[in-house]
Amino acid sequence: MRFGVCGGISRFDAIRAAGADYLEPSVAGDARPEGGEKVWAECLARIRDTGLRAEAWNCWLPGDLKIVGPAADWDRYRRYVDIAIPRVREAGAEVIVFGSGGARTVPAGYEHSRALDDLARALSMACAGNAGIVFAVEALGTRETNLINSVAEAAAFVRTLNLPYVKCTADLYHMNEVSEPASVLSDVGRYLGHAHLADSGRGAPGTGTGGIVQFLSELRRSGYDARVSIEADWADFDAEVAGALRFVRDACIPVQ
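Take 12 as the starting number for the sequence shown in this note's numbering and just add one per residue.
The set of hints was computed from the structure by calculation and includes no laboratory data. Since this is a predicted model, take the numbers as computed values, not measurements. Among the hints, erroneous ones may be present.
[Unchecked claim] Using C-beta positions, here's what the derived DEER-type ranges look like:
no.	residue 1	residue 2	range
1	Glu-48	Ile-264	22 to 32 Å
2	Asp-244	Ala-131	29 to 39 Å
3	Asp-236	Gly-212	24 to 34 Å
4	Asp-84	Arg-170	20 to 30 Å
5	Ala-262	Glu-101	17 to 27 Å
6	Arg-59	Ala-253	21 to 31 Å
7	Pro-118	Ala-253	19 to 29 Å
Just so you know, even glycine gets a beta-carbon here, dropped at the ideal spot from N, CA and C.
Assemble the whole structure, with the sequences as input and the hints as a guide.
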């Protein structure tokens, strides 16, 4: 497996110095597809300065860009896609995490099946002509969205959708939120496109009892051997990030 760290422009240098294999910035915050040309130019320059590639990206959409329900703005979404994909591709993107809980939350009175159809439409539009970038649907906790709250649900959706560049993200923090056992990963390995982890309470790896060793073991058992990004609420990022990377690498023991 290869290990990266989620973080924006101000953290790129520390992520490189800590020994990460790649960067994971935010599409909405760092690539800024809507009117952020200067921010994007600085972001791309800083990525190149690190010598790392931004292989993974998260926060695909801002919360106010709705893609589910009557307020879905498909014209705005198309403009966003047309700018975002070329930008992140230029920085080395291979996977984009489709979390975006606010953008995909189902409004009251809207049918769940229609919401899934809307999400499928958004993914189909994003994947059209994207030159192989994988969109990995992230199962989020119920505080963030009411649409796809478990890895099992995400995998079932991806299986039904059957698009070559759509997979799912397994996020240990959100799995713990909804009490989804890590053992589920062994059943959905073929649908996994990315992984996030943090320790208990979303702390830095090595600071709690969040089940990181079991999570990584089940990922390996599932056949997943790609990227795993640390996505934590850091007490002191610069002081913690190198130790967190060492911890997860040491925790990634071979499956017997």
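Hint-by-hint comparison with the structure:
Roughly 45 Å separates the CB atoms of Glu-48 and Ile-264, a value that falls outside the hinted 22 to 32 Å. Checked against the hint of 29 to 39 Å, the pair Asp-244 and Ala-131 passes, with Cβ atoms roughly 32 Å apart. One distance hint, 24 to 34 Å for the beta-carbon pair Asp-236 and Gly-212, holds here, with the actual separation near 28 Å. At about 28 Å, the CB distance of Asp-84 to Arg-170 agrees with the hint of 20 to 30 Å.
Here the CB-CB span from Ala-262 to Glu-101 is close to 33 Å, at odds with the stated 17 to 27 Å. Hint check: Arg-59 to Ala-253, Cβ distance near 22 Å, so the stated range 21 to 31 Å holds. Checked against the hint of 19 to 29 Å, the pair Pro-118 and Ala-253 fails, with Cβ atoms roughly 43 Å apart.
Taken one by one, the earlier hints fail for this structure at numbers 1, 5 and 7, listed in ascending order.
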